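Novice: Sequence:
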Amino acid sequence: MAIANLTGGGTQAHGDGDWFPGLLTTNPADQAVLVDTAALAPGKYLAALIGYSTVAAIYDVQHRNAANTAGVNGPTGNPRTQRRAVAANLNDDWVLPNEFPIERGERLRVVLQGAIVGNIQVAIFLRVPSG
3 MAIANLTGGG TQAHGDGDWF PGLLTTNPAD QAVLVDTAAL APGKYLAALI GYSTVAAIYD
63 VQHRNAANTA GVNGPTGNPR TQRRAVAANL NDDWVLPNEF PIERGERLRV VLQGAIVGNI
123 QVAIFLRVPS G
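For the sequence shown, the numbering used here gives the first residue as 3, with consecutive numbering after it.
Just so you know, the hints here were simulated from the structure itself, not pulled from any lab data. Quick caveat, the model's predicted, so the values are computed rather than measured. Fair warning: there could be bad hints in the mix.
[To be verified] For lysine to aspartate or glutamate, the following EDC-like pairs were computed, each having C-alpha atoms within a straight-line distance of at most 16 Å:
1) LYS46 - GLU105
2) LYS46 - ASP62
3) LYS46 - ASP18
4) LYS46 - GLU101
[Said to hold, decoys possible] Now the in silico label distances, taken between C-beta atoms and shown as ranges:
5) GLU101 - ALA41: 16 to 22 Å
6) ASP32 - ALA90: 26 to 32 Å
7) PHE127 - ASN91: 17 to 23 Å
For every residue, glycine included, the Cβ atom is placed at its ideal position computed from N, Cα and C.
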């Protein structure tokens with residue numbers, strides 16, 4: 003897929019995109035995994051996330067290692083985790099503005115922080131690296 007370069011200099015090639023929709027979940031427990039990309043191919047990714055809940059909810063977007071046992075550390079040495087909140091009956095839209103590296107088998111997932119009584123759904127959208 004090619005995207006027009008708005009500065010007037012041709013096109014910029016991007017890989018194909020993929021959509022990882024989480025299930026619409028009712029009354030999930032604390033630490034429920036709302037969506038998981040599973041193991042990814044290595045490359046630099048662009049990512050976006052959309053969440054919706056019928057009640058206020060908090061969740062963490064996590065970059066996990068290939069064994070899915072720990073978070074991946076960023077350049078500052080801190081795990082790549084971002085806490086997000088969604089208000090009742092509203093969407094949470096989050097777009098990462100830059101590409102970030104994924105090594106073979108690493109994944110992104112979203113984990114609920116605190117049980118809720120209501121419905122929630124989160125989806126991850128990735129630009130898959132071109133090969």
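Novice: Each hint: holds or not?
Specialist: Hints versus structure:
Of the pairs offered as hints, the one joining LYS46 and GLU105 holds, with about 9 Å between alpha carbons and a cut-off of 16 Å not exceeded. About 21 Å separates the Cα atoms of LYS46 and ASP62, which puts this hinted pair outside 16 Å; it is violated. Between LYS46 and ASP18, the direct Cα distance comes to roughly 12 Å. Compliance with the 16 Å bound is thereby established for this hinted pair. For the suggested pair LYS46 and GLU101, the alpha carbons sit about 5 Å apart, so the restraint of at most 16 Å is met.
Between GLU101 and ALA41 the CB atoms are about 19 Å apart, so this pair conforms to the stated range of 16 to 22 Å. A hinted range of 26 to 32 Å for the beta carbons of ASP32 and ALA90 is inconsistent with their spacing of about 18 Å. One distance hint, 17 to 23 Å for the beta-carbon pair PHE127 and ASN91, holds here, with the actual separation near 22 Å.
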